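Number of protein chains: 4
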Amino acid sequence: MADTDMKDLVVLAYSGGLDTSCILVWLKEQGYEVVAYLANVGQDEDFEAIRAKALKFGATKMIIPDLKKEFVEEFIWPAVQANAVYEDRYLLGTALARPLIAREMIKVAKEVGASYVAHGATGKGNDQIRFELGAYALHPTIKVLSPWRLPEFYNRFQGRDDLFEYARMNGIPLPVTKSKPWSMDANMMHVSYESGVLEDPNHQAPDDICQMTVNPEKAPDVPEVLVIEFEKGVPVKVINKTDSTEVTDPLELFLYLNQIGGRNGVGRIDIVENRFIGMKSRGIYETPGATILLTAHTDIEVFTMDREVRKVKRSLDSQFSEQVYRGFWFSPECEFTRFCIKKSQESVEGKVTVKVYKGGVYILARESPSSLYNDELVSMNVQGEYNPTDAGGFIKINALRLREYCRLRENSV
Amino acid sequence: MADTDMKDLVVLAYSGGLDTSCILVWLKEQGYEVVAYLANVGQDEDFEAIRAKALKFGATKMIIPDLKKEFVEEFIWPAVQANAVYEDRYLLGTALARPLIAREMIKVAKEVGASYVAHGATGKGNDQIRFELGAYALHPTIKVLSPWRLPEFYNRFQGRDDLFEYARMNGIPLPVTKSKPWSMDANMMHVSYESGVLEDPNHQAPDDICQMTVNPEKAPDVPEVLVIEFEKGVPVKVINKTDSTEVTDPLELFLYLNQIGGRNGVGRIDIVENRFIGMKSRGIYETPGATILLTAHTDIEVFTMDREVRKVKRSLDSQFSEQVYRGFWFSPECEFTRFCIKKSQESVEGKVTVKVYKGGVYILARESPSSLYNDELVSMNVQGEYNPTDAGGFIKINALRLREYCRLRENSV
Amino acid sequence: MADTDMKDLVVLAYSGGLDTSCILVWLKEQGYEVVAYLANVGQDEDFEAIRAKALKFGATKMIIPDLKKEFVEEFIWPAVQANAVYEDRYLLGTALARPLIAREMIKVAKEVGASYVAHGATGKGNDQIRFELGAYALHPTIKVLSPWRLPEFYNRFQGRDDLFEYARMNGIPLPVTKSKPWSMDANMMHVSYESGVLEDPNHQAPDDICQMTVNPEKAPDVPEVLVIEFEKGVPVKVINKTDSTEVTDPLELFLYLNQIGGRNGVGRIDIVENRFIGMKSRGIYETPGATILLTAHTDIEVFTMDREVRKVKRSLDSQFSEQVYRGFWFSPECEFTRFCIKKSQESVEGKVTVKVYKGGVYILARESPSSLYNDELVSMNVQGEYNPTDAGGFIKINALRLREYCRLRENSV
Amino acid sequence: MADTDMKDLVVLAYSGGLDTSCILVWLKEQGYEVVAYLANVGQDEDFEAIRAKALKFGATKMIIPDLKKEFVEEFIWPAVQANAVYEDRYLLGTALARPLIAREMIKVAKEVGASYVAHGATGKGNDQIRFELGAYALHPTIKVLSPWRLPEFYNRFQGRDDLFEYARMNGIPLPVTKSKPWSMDANMMHVSYESGVLEDPNHQAPDDICQMTVNPEKAPDVPEVLVIEFEKGVPVKVINKTDSTEVTDPLELFLYLNQIGGRNGVGRIDIVENRFIGMKSRGIYETPGATILLTAHTDIEVFTMDREVRKVKRSLDSQFSEQVYRGFWFSPECEFTRFCIKKSQESVEGKVTVKVYKGGVYILARESPSSLYNDELVSMNVQGEYNPTDAGGFIKINALRLREYCRLRENSV
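Residue numbers (this note's numbering), protein chains in the order written: chain A, 1 to 413; chain B, 1 to 413; chain C, 1 to 413; chain D, 1 to 413.
Check the hints yourself; a few may be wrong.
DSBU-like mimics (lysine-lysine), calculated; alpha carbons at most 35 Å apart, straight line [as the list claims (entries may be wrong)]:
no., chain 1, residue 1, chain 2, residue 2
1, D, K232, B, K107
2, D, K343, B, K351
3, D, K355, D, K342
4, A, K232, A, K69
5, D, K311, A, K311
6, B, K351, D, K342
7, B, K69, B, K355
8, C, K343, A, K342
9, C, K355, D, K355
10, B, K342, A, K311
11, D, K343, D, K237
12, D, K69, D, K241
13, D, K343, D, K311
14, B, K56, B, K69
15, D, K343, B, K68
16, A, K311, C, K232
17, A, K232, B, K342
18, B, K232, A, K311
19, C, K343, A, K311
20, B, K311, A, K68
21, D, K343, C, K237
22, D, K28, D, K69
23, C, K232, D, K311
24, D, K68, D, K342
25, D, K311, A, K232
Which bits of chain A does chain B cover? Going by a derived footprint, with three or more residues having C-beta under 8 Å, they are [to be verified]:
no., segment
26, 35 to 49
27, 362 to 376
Hints were generated in silico from the structure; no laboratory data involved. Treat the numbers as computed from the prediction; the structure is a model and nothing was measured. Each residue gets a CB set at the ideal place from its N, CA and C atoms; glycine is no exception.
Hey, can you work out the whole structure from these sequences and the hints?
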């Protein structure tokens, strides 16, 4: 870039780790002025130590907004309403945080007058996409620097050793040990682990890899029973029947479910998934609280929602999940699916009783002021207004097509 | 019916229980000749005692075909290939057996020259539909007697007491105790419990209700590790790494997984579901072996199948599951979805390592000769042929639509 | 029914034709008091003559509400927004009127205190279902009399001759001639013809069958050009460029398009369709105005709506169309799909220029204040902000999956 | 590229037009040896004149394979089976030819030992994607040169004038006149027109733009009537009832339908569509023969296929259409959808009578040896085995859900 008096300003998503520290120094070398930015989305970090690091390595300032409340209310709650799961298993813990982080990064960029944002995501992953689609959607003229996709960067740092060498030269501390040969991403909702020894999908993950959850085998021998209350498809109260704990604030409630799930070993998965970029990748994820919520929400939703509405809605759910996974949170289609899904949740209310035990979440009971469940109607002992002969007509009419088809084929057994 | 010399012949699906015993006697009273029929689909029964009962209460003969092998190979295996689940939770254990039972019942009817078949299913449930759609599809001119939908029957037996009285008069033994105030359906794949005390969806199911599985809390403290090998989407070998047990025969393999799942408390659910008839109903289901297979098959499928093929296939899976739930196994649409799903499974092969522990099934590792997983491609340390700058173009093009949308709305943050 | 002083009151959907006249007389014979009801949904009828007939044959009174405006605004407009078509061809002209007719019939029933409603639809068609699902949904305890499904009625009137004889005995005028050996249903949106000579799907429909449209071969030799303006997905103005006619009132606008379409032979189809009841049936339909609107709305919708939003929306459209066809307008799922579709239309605005000529509707041009069309972006002569090298990356990343698949199969040409 | 003795060999898709002629010369300048290649997919061209041009401008040789038969049988027929339409209107005429052209180009590249292929498609369109995805899928290590995406090319030729100047310098003839200010793509199935004056979506296309079809207003005043016979979803015979012409050979049959459609003005559309790249673009398309086939195939398909099978199949059709539009013909998912769709066509057989008149295609009648249409069943005069009281039960059971919903809402009118 041009060597002018006025340096180009870049907001760098800075984690405090080796990669983004090297990127910070490198950006400075390239002549940029760097504002470091780290979103607090509930990950377990020493934020002030990171701030000190950023400033030490040359950032003009370090901005660390607390986004936890927004994360729960604007991102996790819609995912709960959508029973959001990608490829049948992944609860989208990382994917849901990215648009929030991008939104705030753009806000910061506008505030500080930066025309660039930068991040340290690799060139093979989903996160680069999620960050950048969010950034472009919210600020179409923003320029993105993704060093791991810039030849001048990745050709210079072709292996980890090059990066270590650069770090050493610039006083950037190296990771203390090689005891954790994998990479991870953490937020309030989940921690994910991938790469390194995990790249071989037939290599079992180390027992001690997880941070948010205990191994189910080490969980307590006594189950905990919770009553989770929903309104409009989101949890509004949790009561622990074992010790009468009661929480209602959204952020506290979610953290409490994490705690319950965590100590009972809930929400660990080992999966291979299909990245947007087209490759398969293997990851270990732990998502304790959201796993409890997915189970409970599914139960209260089926209980209170009309069958056919739910079929339409579940199709929207699938689309929502894929949109989120692929980084399209701030797209017109994701706005639309969120809007429709939210509408479907108006009567999703009631209480679900769940047992949490050694990795499992078991539904025990449910009640609702607006269930379509009618115990008199379903009862085998009560006829009520239901006329069983109607069922005969129903079956005959449903069979009409099948009988015609059979006749055409002369295909009786 | 007319009092002719030649009695009308009916094949009655006879379970040996109170209801079908009363129906047997009642059909005789109405002037029918009754051939009793009971499909052995792996339920835990004293079949000879039932045979004796049937003959005692007036059946001309009792036919008890062993359908276990067909059940596994022709019905459970396609469900495994389809990851078949209804409304996110129910593995279709009853629904899958019904078409098989109906097919054999029609075969028996043709062999004995019966123009009627009869069953004791209630007029509010799914099973009447599944039986009868199967029957009509395979034998369009068959006549079905469903006493619980015939006014002359249900008006006579308006409560359980009427039935008890009738049983007493006809020497039909009453259920010994009232200790199990619910109804159940059992086969090799699952046992379901509903009605009675379970009708209140907020009333917790009794602890001792289940037959195939122990309560997870009473399961062993040590996990079992299995390697399940798949070919064309169905399991062909299970090796228990704990004790080196190895099974390959389909029927044995499935029973073995039931045993593993059962002793480890796998596959219990408490759900409210939407019947085809339109009402919501609450059931407790246990499906140990199939739950293990669903988990393992999902894993090997994602591992070996192209992402986009799987999206198409999963949509077919949903349709298949609903077809099965609603009794349309022998429909042209279900033939079509089965055919397509089967095609998708040609390369679904490999070994999945699973841990089974106190109700949970955990994937540990997987390998396959035909996976699309490419560890070199995904590696963060190897560039290989992958050019990271391509990802930048990919993102920019994907962002094009979003930027236009944003511009139109002048909607930057 | 019981012979009490207080007669049961029934609201009969009365068309003035042979069938419902006989039903009126027959209901009186059965002891009912009958209020006749005929919805004016724009069909071409002598309503006062029908009123006189109803009273003559014993109706206590005859109620003829004018529902034309509601039909256009509450039923046709949502169908336009949904591009509603059943099985690729049928624009749902009859299906859309039925719920409106049912809603008003229930309103009348409540006003006059009737606990019964009756209609003359056959027992094999869709309309019985549409009427009755509407009625039950809006008034769960209403009782429906459908004489063509009552054995006491259909056994008495086994052929048309029995009905003719009964009509003669009761002074009901017979259809003057047999020149139109088919049945028809008419409203403002369309006329349908079926049965009789049309039952043979290989028998060509008579040339003179249609009422709303001329045969394209007899249409004017000079096209008419219209500019149709949309707001929120519904037409708000039509200007005929040929003669400068301009209409804006919804009802007038729709009638005007019918006139244009009608004189130019637009909207005639000959199809076989699948009834909800499961059988295939052949019909001739003419739907002039709505066919023009479908063409124009599709054009402005694609022009103004984001591609991916439209994919989600089109899936909802399909579901909406099937819901309407099957009579589920007043269902929770149809409320939900209508709500979502309506949301999608917020920016569907602009003007479409169409040419109407001898059966064809041709789009000539379109403009919109909120199109996502960007002529600079798409131009082959302007580079603009678009960087063509991005497309290379986009393609490479999209190819990644395909190349892996090919490698796995070693499947080069 | 390196200046070695052994020049790199490139196969260039060469149309004979200005752009690819300049590209040919430019590639030579860059040091490549060029083999020119032009697929004969039925476009109206003087192939020998193009061959002469290619050799004159420096191609080592010119290969012009005749792919017409393959185009019809392997690409158009599957599209007919799939009723393939993109965004409700575009019959995919260009999109279907691209994978065939790419497949043959790769075959040529392998035969001549080229490690490069090149094409002249723009960097903003779909065709670059279709060519290259096809190429990479079939030959993962092929290298693609797309000059309009290479900075060294597009920076040199920034406007048409630069290209004209280069052409003049190199003896490349300029387009004779500017009378056709748009670009076009032509093959046997369709001709498309876009860019230039067409870029303004509100500017009406010139009357004389089309090549395959007459303006409907200039079409004959007398309709032509055809009987089109299908087997397994593809046409096997066409009889023109007007003049008794009969064709059965696939290629001849398709060309004959083009001729009929062409002279009657069938298959012209003016649309805005969404490119894969994300932008909206406006095009004029004419697709005479395939439009007739789409109409006729839809009719015979609904006539012969079970309703529910067709619902599943239509969903696959949509996916197929998008796959083709986006260039994924040689993808695992498109192989899968084609396979499933083909299966669905096994009984799609029979004869459809269509009238073709001034732009319109009208179905008159149809017959089939394997229709599920049962005129006795549907007849209003014949009861047959159908019991109308069954419909009452069918309706009541379908209403159950609606009545419960209404009760919950206490929402009667």
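Could you grab the alpha-carbon distance between K342 (chain B) and K311 (chain A) and see if it respects the 35 Å cut-off?
Holds - the C-alpha atoms of K311 (chain A) and K342 (chain B) are around 24 Å apart, at most 35 Å.
Three or more residues of the segment 362 to 376 of chain A near chain B by CB distance under 8 Å?
Result for this restraint: holds, n = 11.
Are the Cα atoms of K232 (chain A) and K69 (chain A) separated by 35 Å or less?
18 Å, holds
Straight-line Cα separation of K232 (chain C) and K311 (chain D) no greater than 35 Å?
29 Å, holds
Assess, step by step, whether the Cα of K355 (chain D) is no farther than 35 Å from the Cα of K342 (chain D), and give holds or violated.
27 Å, holds
Are the Cα atoms of K343 (chain D) and K311 (chain D) separated by 35 Å or less?
With a Cα-Cα distance of about 14 Å, the restraint between K343 (chain D) and K311 (chain D) holds, given a limit of 35 Å.
For K68 (chain D) and K342 (chain D), compute the direct alpha-carbon distance and say whether it is at most 35 Å.
21 Å, holds
Below or equal to 35 Å on CA atoms is what counts here, so check K232 (chain D) against K107 (chain B).
OK: K232 (chain D) and K107 (chain B) at ~32 Å, within 35 Å.
Quickly compare the C-alpha distance for K311 (chain D) and K311 (chain A) to 35 Å and report which way the hint goes.
Given pair K311 (chain D), K311 (chain A) holds - Cα atoms ~15 Å apart, limit 35 Å.
Quick one, are K311 (chain A) and K232 (chain C) close enough, alpha carbons at most 35 Å?
Holds - the C-alpha atoms of K232 (chain C) and K311 (chain A) are around 27 Å apart, at most 35 Å.
When you check the alpha-carbon spacing of K343 (chain D) and K237 (chain D), does it fall within 35 Å?
21 Å, holds
Holds or violated: K343 (chain D) and K351 (chain B), Cα atoms, limit 35 Å.
31 Å, holds
The earlier numbered hints that this structure contradicts are 17, 21, 26.
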